[in-house]
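Here is how the chains run, residue by residue.
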Amino acid sequence: MRPTMTLSRKIPALAFIILAAIGGALLFYRAFSVEPALPAYATVLPSPVPVPAFALLDEQGVAFTQADLRDQWSLLFFGFTHCPDICPATLQQLALARARVAERDGEFPQIILVSVDPSRDSPEVLAAYVKNFGENIKAVTGPEEQLRKLTAALGIYFATSDDGNGDYSVDHSAAVLLFDEDAMWRAVFSAPHAVENFVADVPLLTGAD
Amino acid sequence: MNRHLWLLATATLLLHACAEDAGPALSVTDLRVLAPLTGSQNGVAYMSFRNRGDRDIVIGGAKSAQFERVELHKTSINNGVSRMQSIDALTVPAGGEVKLAEGATHFMLINARDSAVPGTPVILEIAHSEGLLILDAELQSRFSPVE
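Listed in order, the protein sequences are those of chains V and E. Heads up: the first sequence begins at 139 in this note's numbering, then just goes up one per residue. Heads up: the second sequence begins at 537 in this note's numbering, then just goes up one per residue.
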């Protein structure tokens, strides 16, 4: 007569089979599941922040308000045209990043320069200036009170600084801010900037990849 | 007689060697002079200064016939805020090198006088503690590949 397995031996065996099945399922999940990539350079806001109401003019002299940030993702950079160094460098980096993403058929947010030097940066000056960086780059500016409505809500600093020769510079936050299609502020790229940082993170953040 | 000729030759060789080493201590490499962008009046110059002398060299200022003013500026980013400040002088240490680069120290070329477009000649005169350094260059586009 063949010996039968007693209950005292069946329980450990069953427990082993169950644990092995769970372990196997976990290994399978880890091997084949795709975890979403996280941005390496941008800081994502814990909660999206709505853009306050503001009234500026774009480089064509047309009104530009918070409503114009809707229906597409936007990257905003705050600078001025008299700056020969970091401002054109940042716009150049954004334009190059856009070109690199387009090479792999990706979409890129609209690029917007917000001039914090309305005394010298008229819409006409801005129109000529942004053309240096390619097509479809917008520039906006306006009265200081309207600029402050926007910048204060976004933690953006700007202030004029006399250069001692009757001229002035403008100190300003160097961050690039990302807004979604609902005009909600979603992420910040902090300076120093690099083309690769935008190429890597912008498509991740916008879901364009 | 042979000894005198030998001494003369040695002295000549020594003088020749000294003459080869007696060039200016301050030199420039990696010069990029960028033309103002359309819509802007200001250009910028980047370069590396090398001091092969045994004394620090202080760069005091510069000028260019193509621009109203040339100033040494330093861009700094502190707590996320970019500031561009005029600086009075820049020291290149003895035997050392100082680099003027994007996002850092640079010459700001203020208010272009005539058409200052890429391809036009530009002369920069840089005053320093050992004399004057004259750089003869061509305005480049910011979008030209960096060599």
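Mixed in with the good hints there might be a few duds.
Under 8 Å between C-beta atoms, here's a sample of chain V residues computed to sit facing chain E [claimed, not checked]:
1) GLN204
2) VAL263
3) ALA266
4) MET322
5) SER328
Below, computed lysine to aspartate or glutamate pairings styled on EDC-like, alpha-carbon distance capped at 20 Å [as the list claims (entries may be wrong)]:
6) LYS599(E) with ASP650(E)
7) LYS599(E) with ASP624(E)
8) LYS599(E) with ASP301(V)
9) LYS276(V) with GLU262(V)
10) LYS610(E) with ASP305(V)
11) LYS610(E) with ASP196(V)
12) LYS276(V) with GLU319(V)
13) LYS610(E) with ASP309(V)
14) LYS635(E) with ASP650(E)
15) LYS610(E) with ASP650(E)
16) LYS610(E) with ASP300(V)
17) LYS287(V) with ASP309(V)
18) LYS610(E) with ASP672(E)
19) LYS148(V) with GLU262(V)
20) LYS599(E) with ASP672(E)
21) LYS276(V) with ASP305(V)
22) LYS599(E) with ASP305(V)
23) LYS635(E) with ASP566(E)
Covered by chain V, per the in silico footprint, the following chain E stretches (three or more residues, Cβ under 8 Å) [as the list claims (entries may be wrong)]:
24) 591-602
25) 635-649
26) 665-676
In case anyone wonders, no lab produced these hints; they're calculated from the structure. Beta carbons are placed, not taken as given, at the ideal position from N, Cα and C, and that holds for glycine.
A quick look at each hint next to the structure:
The criterion of a C-beta within 8 Å of any C-beta in chain E is not met by GLN204(V), whose closest approach is roughly 23 Å, and the hint is violated. With 8 Å as the threshold, the beta carbon of VAL263(V) comes within range of chain E, its nearest partner Cβ sitting at about 5 Å, so the hint holds. The interface hint given for ALA266(V) holds, since its Cβ lies 3 Å from the closest Cβ of chain E, which is under the 8 Å cut-off. Using the Cβ-Cβ criterion of 8 Å, the hint placing MET322(V) at the interface with chain E is not satisfied: the shortest such distance is roughly 21 Å.
At its closest, the beta carbon of SER328(V) sits 6 Å from a beta carbon of chain E; the interface hint therefore holds under the 8 Å criterion. A threshold of 20 Å between alpha carbons decides the hint, and for LYS599(E) with ASP650(E) the separation of about 15 Å falls inside it, so the pair holds. Between LYS599(E) and ASP624(E), the direct Cα distance comes to roughly 14 Å. Compliance with the 20 Å bound is thereby established for this hinted pair. Only pairs whose Cα atoms come within 20 Å are accepted, and LYS599(E) paired with ASP301(V) is accepted, the gap being roughly 17 Å.
Distance restraint check for LYS276(V) and GLU262(V): the Cα-Cα separation of roughly 12 Å lies within the 20 Å cut-off, and the hinted pair is therefore satisfied. Our distance criterion of 20 Å between C-alpha atoms is met by LYS610(E) and ASP305(V), whose separation comes to about 16 Å. Between LYS610(E) and ASP196(V) the CA atoms are separated by roughly 30 Å; this puts the pair beyond 20 Å, and the hint is violated. A C-alpha spacing of about 16 Å is found between LYS276(V) and GLU319(V), which places the hinted pair at or below 20 Å, so the restraint holds.
Between LYS610(E) and ASP309(V) the alpha-carbon distance is near 12 Å, which keeps this suggested pair within the 20 Å criterion. For the suggested pair LYS635(E) and ASP650(E), the alpha carbons sit about 29 Å apart, so the restraint of at most 20 Å is broken. A distance of roughly 26 Å separates the Cα atoms of LYS610(E) and ASP650(E); the hinted pair therefore is violated under the 20 Å criterion. With a CA separation close to 15 Å, the supplied pair LYS610(E) and ASP300(V) stays within the 20 Å bound.
Taking the CA atoms of LYS287(V) and ASP309(V), the gap is about 18 Å. The hint holds against a cut of 20 Å. A threshold of 20 Å between alpha carbons decides the hint, and for LYS610(E) with ASP672(E) the separation of about 23 Å lies outside it, so the pair is violated. Our distance criterion of 20 Å between C-alpha atoms is broken by LYS148(V) and GLU262(V), whose separation comes to about 85 Å. As the CA atoms of LYS599(E) and ASP672(E) are separated by approximately 12 Å, the hinted pair is consistent with the 20 Å bound.
A distance of roughly 26 Å separates the Cα atoms of LYS276(V) and ASP305(V); the hinted pair therefore is violated under the 20 Å criterion. The hinted pair formed by LYS599(E) and ASP305(V) meets the criterion: a straight-line CA distance of about 17 Å does not exceed 20 Å. Restraint check for LYS635(E) and ASP566(E): the C-alpha separation of about 9 Å stays at or below 20 Å, so the hint holds. Closer than 8 Å: that is the beta-carbon criterion, and the stretch 591-602 of chain E has 0 residues meeting it against chain V, so the requirement of 3 is violated.
Counting residues of the stretch 635-649 of chain E whose beta carbon lies closer than 8 Å to any beta carbon of chain V gives 6, which meets the minimum of three for the stated coverage. With 0 residues carrying a beta carbon less than 8 Å from a beta carbon of chain V, the stretch 665-676 of chain E misses the three-residue requirement, and the given coverage is violated.
When the structure is compared with the earlier hints, violations turn up for hints 1, 4, 11, 14, 15, 18, 19, 21, 24 and 26 and for no others.
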